[in-house]
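Peer 1: Residue numbers (the numbering used here), protein chains in the order written: chain A, -1 to 114; chain B, 892 to 1030.
Keep in mind the hints are simulated off the structure, nothing from the lab.
Since we're looking at a predicted model, the values are computed, not measured.
Even glycine gets a Cβ: it sits at the ideal position worked out from N, Cα and C.
Hints may contain errors.
[Unchecked claim] Partner residues are not named here, just some residues of chain B that face chain A (Cβ under 10 angstroms, in silico): (1) Arg911; (2) His936; (3) Val1009; (4) Asp1011.
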Amino acid sequence: MIITETSANGIVIVALEGNLDALSAPKLRGSPPVADPKTTVVLDLEKVGFMDSSGLGAIVGAAREKSDPACGIVLSCMNDKVRRTFETTNAQRLFHIFDDTAAAVDFAATRQIART
Amino acid sequence: MSSIITLTLPGDPLFTEVARQTTTSVASLLTGENHSASDETQFVHDFELAVSEAFTNSVKYAGEHDTPPTVTLTFELEKQRLTVSLLDANSPFSIDTPAPDIESYPENGYGLWIIRRVMDSVTYRREGNSNIISMSKTL
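Build the full structure now, drawing on both the sequences and the hints.
Peer 2: Encoded structure:
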């Protein structure tokens, strides 16, 4: 899996490309902005071709470690396959989910300002 | 009439992708007639997801070995129905796991729950020293 980090409006965007499973999940957990409790991250899932519960667990576990679990990881561009894994477990309830990354960044920036 | 395909893989996470790709290829054999494209896509993906979960569990609970133990996948194709079974030599387990308590942000414990949610039927049996989990779905 390829992890690309960029930023916009003061928010770190972590874009994932490839399969998010038991093999790649530790790589996501090891990503510094994902692992840092105080960094709000937009996780762009558009190019995730497949995600099972190991990938889901990595995202949920990373959110749990955030100082604000409900907003520390904001999700964008979830495709149908990824959505299925979230909805099967009800994990979508834990996250703010946006259809496009720009909207996710705007939301994350607003929440970050609100906390400071 | 049914067709049976058997595939034995090393119980190593590197081979999860092989298990998934084989599963999508086999499940796709059932698609193509009299169904909506979205139903077919869902059918294939649900098997891909279920097999990924089951294979990952087999690898995860195999314990430490000098050479990885094997996981054998058996695909039974019927006219509108596919059954995928995974056989491993791990310790016995139960498939009756509770729903994950999502509000506590669990990192693990979703696999068997997902399998039961996306398949029509899931059975488990112990034969000798082997576990066999069978997952079926009708298109």
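Peer 1: Does each hint fit the structure? Answer for all of them.
Peer 2: Structure-based check of all given hints:
1. Arg911: holds, 7 angstroms
2. His936: Hint on His936 of chain B: holds, closest Cβ of chain A at ~5 angstroms, below 10 angstroms.
3. Val1009: At about 6 angstroms, which falls below the 10 angstroms cut-off, the nearest Cβ of chain A leaves the hint on Val1009 of chain B intact, so it holds.
4. Asp1011: Violated. Min distance 14 angstroms.
Checked against the numbered hints listed earlier, the structure breaks hint 4 alone; every other hint is satisfied.
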